[in-house]
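Asks: Quick note, the sequences are listed as chains A and B, same order.
Take 1 as the starting number for the first sequence in my numbering and just add one per residue.
Take 1 as the starting number for the second sequence in my numbering and just add one per residue.
It should be emphasised that the hints constitute simulated quantities derived from the structure, not laboratory data.
Keep in mind that this is a model prediction, so the values were computed, not measured.
Where hints are given, some of them may not hold.
Stated by the list, open to error - SDA-like mimics (lysine to any residue), calculated; alpha carbons at most 25 Å apart, straight line: (1) B:Lys272 with B:Gly77; (2) B:Lys687 with B:Phe439; (3) A:Lys269 with B:Lys615; (4) A:Lys230 with A:Arg116; (5) B:Lys139 with A:Leu311; (6) B:Lys614 with A:Lys59; (7) A:Lys65 with B:Phe439; (8) A:Lys290 with A:Lys59; (9) A:Lys98 with B:Pro930; (10) A:Lys98 with B:Pro144; (11) A:Lys102 with B:Val145; (12) A:Lys59 with A:Thr2; (13) A:Lys98 with B:Val875; (14) B:Lys877 with B:Glu867; (15) B:Lys154 with A:Arg116; (16) A:Lys102 with B:Pro134; (17) B:Lys436 with A:Leu311; (18) B:Lys618 with A:Val125; (19) A:Lys3 with A:Glu152; (20) B:Lys792 with B:Ala713; (21) B:Lys154 with A:Pro159; (22) A:Lys102 with A:Gly142; (23) A:Lys290 with B:Asp75; (24) B:Lys685 with B:Ser787; (25) A:Lys269 with B:Val145; (26) B:Lys139 with A:Glu152; (27) A:Lys230 with A:Leu209; (28) A:Lys269 with B:Arg140; (29) A:Lys53 with A:Arg116; (30) B:Lys687 with B:Gly724.
What the hints assert, rightly or not - Residues from chain B that keep clear of chain A, each with C-beta distances beyond 10 Å, as calculated: (31) Arg81; (32) Pro582; (33) Tyr693; (34) Tyr819.
Backbone N, C-alpha and C define an ideal beta-carbon position, used for all residues, glycine too.
Residues per chain are reported as follows:
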Amino acid sequence: MTKFSAFNVARNAFSASKSWPKQWRNPEPRASYDAVIIGGGGHGLGTAYYLAKEHGLTKIAVVEKGWIGGGNTGRNTTIIRSNYLYDESAGIYEHSVKLWEKLSQELNYNVMYSPRGVLMLAHNVHDVQSSMRHVYADRLNGVDNEWLSPEECKAFCPPLNISNNIRYPVMGGALQRRGGVARHDAVAWGYARGADRLGVDIIQNCEVLRIDRDAAGTVSGIETTRGYIKTAKVGVVAAGHTSVVMERAGLRMPLESFPLQALVSEPIKPIFPCVVMSNTVHAYISQSDKGELVIGAGTDQYISYSQQGGLHIAAHTLEAICELFPQFRRMRMLRNWGGIVDTTYDRSPILSKTSIPGLYVNCGWGTGGFKATPGSAHVFAASMANDEMHPIAAPFSLNRFQSGRLIDEAAAAVAH
Amino acid sequence: MSHANRLAGRGRIDRSKPIIIQFNGREVPAYHGDTAASALIANGILHVGRSFKYHRPRGVLAAGAEEPNALLDIDRGNGRRDPNNRATVVEAFDGLVTRSQNHWPSLKYDVGTLNDMASPLFSAGFYYKTFMWPSAAWKRVYEPVIRRAAGLGKAPTVPDPDRYVHSHAHCDVLISGAGPAGLAAALAASVDGSRRIIIADEQNEFGGTLLHDLTSTIDGLSASDWVAQTVATLSQRSNVRMLPRTTVVAYYNHNHIALNQRLTDHQSNPSKGMARERLWQVRAGEVIAATGAHERPLVFAGNDRPGMLLADSLRAFINRYGVTPGRNVVIATSGASAYQAAIDAKSAGLFVTIVDYRKRDEIGDERLLATQAGIEILDNHSVIGSTGRTQVTGLIVAPKTASGGVGDVRTLNCDAVGMSGGWTPVVHLVSQSRAKLVFDTALDAFIPGEAYQSERSAGACRGVYALDECLANGHEAGSGAGAAPSAKSSEATGFEPVRLMPTNRQKLRDKAFVDFQNDVTAKDINLAVQEGFQSIEHVKRYTTTGMATDQGKTSNINALGIVAGALELTPPDVGTTTFRPPYTPTTFGAFAGQARGVLFDPERITPMHDWAVKKGAKFEDVALWKRAWYFPQGRETMHDAVQRECRAVRESVGIFDATTLGKIEVVGPDAAEFLNRIYTNSWLKLKPGRCRYGLMLKEDGYIMDDGVVARVADDRFHITTTTGGAPRVLGHMEDYLQTEFTDLKLSLTSTTEQWAVIAVQGPNARDVVAPLVSDIDMSNDAFPHMSMREGKVCGVPCRLFRVSFTGEAGYEINVPSDYGEAVWEAVYAAGQPYDITPYGTETMHVLRAEKGFIIVGQETDGTVTPEDVGLSGLVSKVKADFVGKRSLARPDLVAEGRKQLVGLLTLDPDVLLDEGAQIVDDPQAALPMPMLGHVTSSYVSPNVARGGTGDPQQSGDGRSIAMAMIAGGHSRVGTRLYATTREGFTEVQVTKPVFFDPDGGRANV
Ligand SMILES: Cc1cc2nc3c(=O)[nH]c(=O)nc-3n(C[C@H](O)[C@H](O)[C@H](O)COP(=O)(O)OP(=O)(O)OC[C@H]3O[C@@H](n4cnc5c(N)ncnc54)[C@H](O)[C@@H]3O)c2cc1C
């Protein structure tokens, strides 16, 4: 393993990059593993990484039906923040932000975590009340979040239109300065490289077809398109397709899958310094390091597995962007795509054991799980290793839908 | 010299209409019919831009939408400036102002070229491997530098003055592309007049490749005459709509297609008010993709110098625009089609040499034609490099050897190069339609496979290249009767795929470009493969190949081929990337259309809106509604106005516009039973003429909505909902009615906008209203609180509710909307002796908070049960079932310590809490600090005594009041807690949530 560093980049420049090795191997699946993670997105790869690194498991595989990072990890608008309302949410997202802050060093892979500030706009009295509730709750939870007047919003984000000539003028905003963005592909690749180095087999183009149990009802193995794999521990981390995978173990999940769209503009010189989100008019925007404006929409209305949303959803988002930033009206959309997001009833994730011993599930991140990648992977790995949910993960168990102990961030009106 | 590179007697430009455009401040003479690219080439301006990463000098590569290099900033004046325009599709007009971009300080001297020299450092993905130390430096040091270096042009900085519009259309056949295949399809599909046809083409003229074909004939006519005749024929058919300058940008589900039509960009003086672009949304019975093919560059070192074009694009510049980048042309090719470019160049009087990668015996008839034209052909040759800086000066070539190497190298002097590495069908739309793409080895290309939606393809888009076959193919796709147009053409097809030109100078190869705009080289792609990136999507993301503004139109297949070669796989085993909309970059404005300002979202206003505006009301947005928030008089602040309004209602009478509350008419024999199942309380025994406050839960047991319901007759109810909840409630009810309670007979009708609702509240309310009412006994006994009567007010039929959300006696007068303003004025006039005071939503909020009435969505947030807000009395214990009943029994919903509604009084009556403030027990506790709940409502009340009791006698001194949801709240009444403030904490007293008239006597008088 060649360490990534400026020195090695320079050294390789003179050897025509001949010595850079594979970032991860491309192994054949073995006959059995101690643990198998289904789903090679950021959460799945991260789980394997922490299982190997912190819990001493050695025979681990990540099986991915396509190419790693090709699901929502590689499709999302990469907004990272932890200023959620409820204690449980603040707990897991803040755990995550703390890991983000050191992730490049941890992985020796530049994931380009850029805490440039996430500004969430309020457009009516109700928004203001809700924002203030978040600001105060976060303050007491030790999560930074501050309230800005419209003028302060403008100072923080100069392109923003705070005039009264728009349909829903900006009444202020909640700013988390430690929030920001990161490079999505690098998160998948960085975890993959790190996990591979610790001996994890990353098996791509391998779809899980069935999850089997032994006579005692415990997980015993999985049937895949690349053959049968024996294992007693399976973690399902398949985002929008979790219901499909879990059905292959005979379990029904309380999830609905929707297309969620995003788009980018042509690249331009730096013009947009932060992340702006508006739940009321449905628009999320930042500028990538490459110069593209990265814009996210709300989910399509209909459940679907087609990674293609309707025109009206993307159009509505651009209407909102053009209201808030009328100078961007002449900018051009370069690419528009969709991902399938797995939403729960209360818009909070599921990290849980299941009725099948040895089968664990991590899903339900819906429109906003990229930000949670390191934190979720970290506590899920601990839960799988110890067969007991980590305290940060415990509130997100499946049984909350029976008990009614919901963590209703939906009611608190958030997304992404 | 002006027009130095213009060729005599050629082109579709209009030499009688000279125009002048600007490039970097310099005047560039051109003709009507030129593009910005052809105008620049005509004047010898070949170096027009700098590449993304290495800032290499670049010129025009292509002649159409696939152009990766020649990106211009265009300024049409008055804020109409935008970056990244492909010079090849910008129509020139007199006064067009263009600038090159991505350089500093100038196009000629660009500091960024240093990157070119240091390029080994900037290999694929280098930024993932460095810039990590120290950890905070990424955001502060490295990222700003990288961001400044990246990006191409500069974003517009002022609001766009242009207008964009939308149109919707249906058709039987939508044809995308008006080249030979598309035109033949249109002719065939439209001939019998029975089908509605739309044919769209992104170019200003129909004809596609025929516009630069000077040698073929169709049905005995020259290509251009055939195009003219066909366009004339089609325009006479009333069932055909022709849309030039219209790009089919996206293909959605259910044959829903988006087209973007450019209306004014080509005009120097568009008439005022004319929209710039029109986005068409078309539902097509069938789509015919006749989108053609893009030529591939050859991949060799230095294949990117200005003056080096795609061969057929060079031909287009020569034939269609009468311009050439140079007089001494080398055509470098691995296929047959480029021979026509050579022959056309020769006939335009240029000096031409052909370098063909193929062995002599692999070359077809085209060889003879070229030889006859007097063109020298170097067959079995590789291209190894090029010379020149801001314009190519030579091409370095060498014969291939049997062992796969190359022989002696020589340099062909030249000032223009046309290169051809074969063709890539434009399958973007087909792919967007979710049809399968299949790899055709003979064509070395992905072509449309099995269709997924009602769609087919014709011509070069499916790899059918010969003109005659294209026409036949289009004709067949149009499923027309009769004979297809028939062509005679000397153009040959077929090519040998070559991924990387063999070379003996490996080092040079570092600069063999695959993706020109993003500066991705063959070496980058090989490095990605070496590092384990084996899926094409991974290679794409790691190297950024195909991610530039041209979306890889000229590079995707070359990249795929190189990856396949490195892995010793076939291209389909490496995979093809999914094509994502839009086909070419499309303005945000086109998608947003007219939806700006008041048209962004419909504004709902009440019949009394104008009256409120005249009275100087301030408004707040509640859902789509504009609601009067308060009515300041003179220079009153909001606070002063609200205090005055609050006092007026308690002391005399106020008038309030309650129209926005949702209203649903429930009619049918089972109406009462339906309400019984939807609401938590009971409805069967409610008498006609009586009202009841109803509470509604979601399936999860949490409060969804509330409102007063009147029974109008045995089989008829008048329901009110919250303003924001109205659509949701109707949807909820319909959902249950249609899927769960199918045994019930009734109908639901939204009547929100049918009734104007005028609330008259206060001790003098009856005295104001009664004189205006006929047919109703207004006495307290005959018409008590919580009842409803039908009658007339001011002679207008009305439903008069005696209800109160203020705690005062009062009425809500429902009259048909058209009468709303007149009745309002009459009530207002009648109230003058009592100083009747119009009040807004803020005062309404304060008054109801004084009474402890909840507002759904403010006290509740989707996690609150009736018990939590003290309304368990409204939950029937006897009903067998109602929506949410089962969930109410879940363990967490009956657990100890749930948050419950309480009142809060700050110890200092002048301190006003923030709504959203958190409540804690111990403000000294360490973070994360345990929180008990939060403030839901907080106001200054003029009617609550500073001591805290609602004694009207003491009104006037006033104090702050608040409502809060607090864990175990009911048992904390009487204790003290702390609430957060902007500065820290303040101490509060927990009370019952009723601050005024706790017995509720005032509403009943
Ligand atoms: C358009 C869009 C914008 C978003 N924006 C944001 C944002 O700004 N901020 C934010 O925090 N979050 C955002 N999200 C959400 C975020 O992307 C996801 O929550 C997160 O990336 C999920 O990561 P994951 O690893 O769980 O899932 P994924 O990355 O989707 O990985 C799941 C993997 O499982 C694989 N799989 C599925 N079935 C099988 C099977 N049978 N066998 C083997 N493998 C299988 C899939 O191929 C996939 O690779 C956005 C999502 C989308 C779609």
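Asks: Each of the hints needs a verdict: does it hold here or not?
Replies: Now the hints, each set against the structure:
1. B:Lys272 with B:Gly77: Roughly 14 Å between the alpha carbons, so the hint for Lys272 (chain B) and Gly77 (chain B) holds.
2. B:Lys687 with B:Phe439: violated (75 Å)
3. A:Lys269 with B:Lys615: violated (48 Å)
4. A:Lys230 with A:Arg116: violated (45 Å)
5. B:Lys139 with A:Leu311: Violated. Lys139 (chain B) to Leu311 (chain A) sits at ~35 Å, over the 25 Å cutoff.
6. B:Lys614 with A:Lys59: violated (76 Å)
7. A:Lys65 with B:Phe439: holds (22 Å)
8. A:Lys290 with A:Lys59: Status violated; Cα separation ~38 Å.
9. A:Lys98 with B:Pro930: holds (21 Å)
10. A:Lys98 with B:Pro144: holds (22 Å)
11. A:Lys102 with B:Val145: Answer holds: Lys102 (chain A) to Val145 (chain B) is near 21 Å, not above 25 Å.
12. A:Lys59 with A:Thr2: holds (23 Å)
13. A:Lys98 with B:Val875: Violated. Lys98 (chain A) to Val875 (chain B) sits at ~46 Å, over the 25 Å cutoff.
14. B:Lys877 with B:Glu867: OK: Lys877 (chain B) and Glu867 (chain B) at ~13 Å, within 25 Å.
15. B:Lys154 with A:Arg116: It holds: about 21 Å lies between the C-alpha atoms, which stays within 25 Å.
16. A:Lys102 with B:Pro134: holds (10 Å)
17. B:Lys436 with A:Leu311: Given that 25 Å is the threshold and the Cα spacing comes to 22 Å, the pair holds.
18. B:Lys618 with A:Val125: Satisfied, since the Cα-Cα distance of roughly 13 Å is no more than 25 Å.
19. A:Lys3 with A:Glu152: violated (43 Å)
20. B:Lys792 with B:Ala713: holds (18 Å)
21. B:Lys154 with A:Pro159: Between Lys154 (chain B) and Pro159 (chain A) the Cα gap is close to 13 Å, so the pair holds against 25 Å.
22. A:Lys102 with A:Gly142: holds (19 Å)
23. A:Lys290 with B:Asp75: holds (24 Å)
24. B:Lys685 with B:Ser787: holds (14 Å)
25. A:Lys269 with B:Val145: holds (11 Å)
26. B:Lys139 with A:Glu152: holds (22 Å)
27. A:Lys230 with A:Leu209: OK: Lys230 (chain A) and Leu209 (chain A) at ~14 Å, within 25 Å.
28. A:Lys269 with B:Arg140: The hint holds at about 17 Å.
29. A:Lys53 with A:Arg116: Cα-Cα ~30 Å, so violated.
30. B:Lys687 with B:Gly724: Not satisfied, since the Cα-Cα distance of roughly 29 Å exceeds 25 Å.
31. Arg81: violated (8 Å)
32. Pro582: violated (6 Å)
33. Tyr693: Since the minimum Cβ distance to chain A is about 22 Å, Tyr693 (chain B) lies beyond 10 Å and the statement holds.
34. Tyr819: holds (29 Å)
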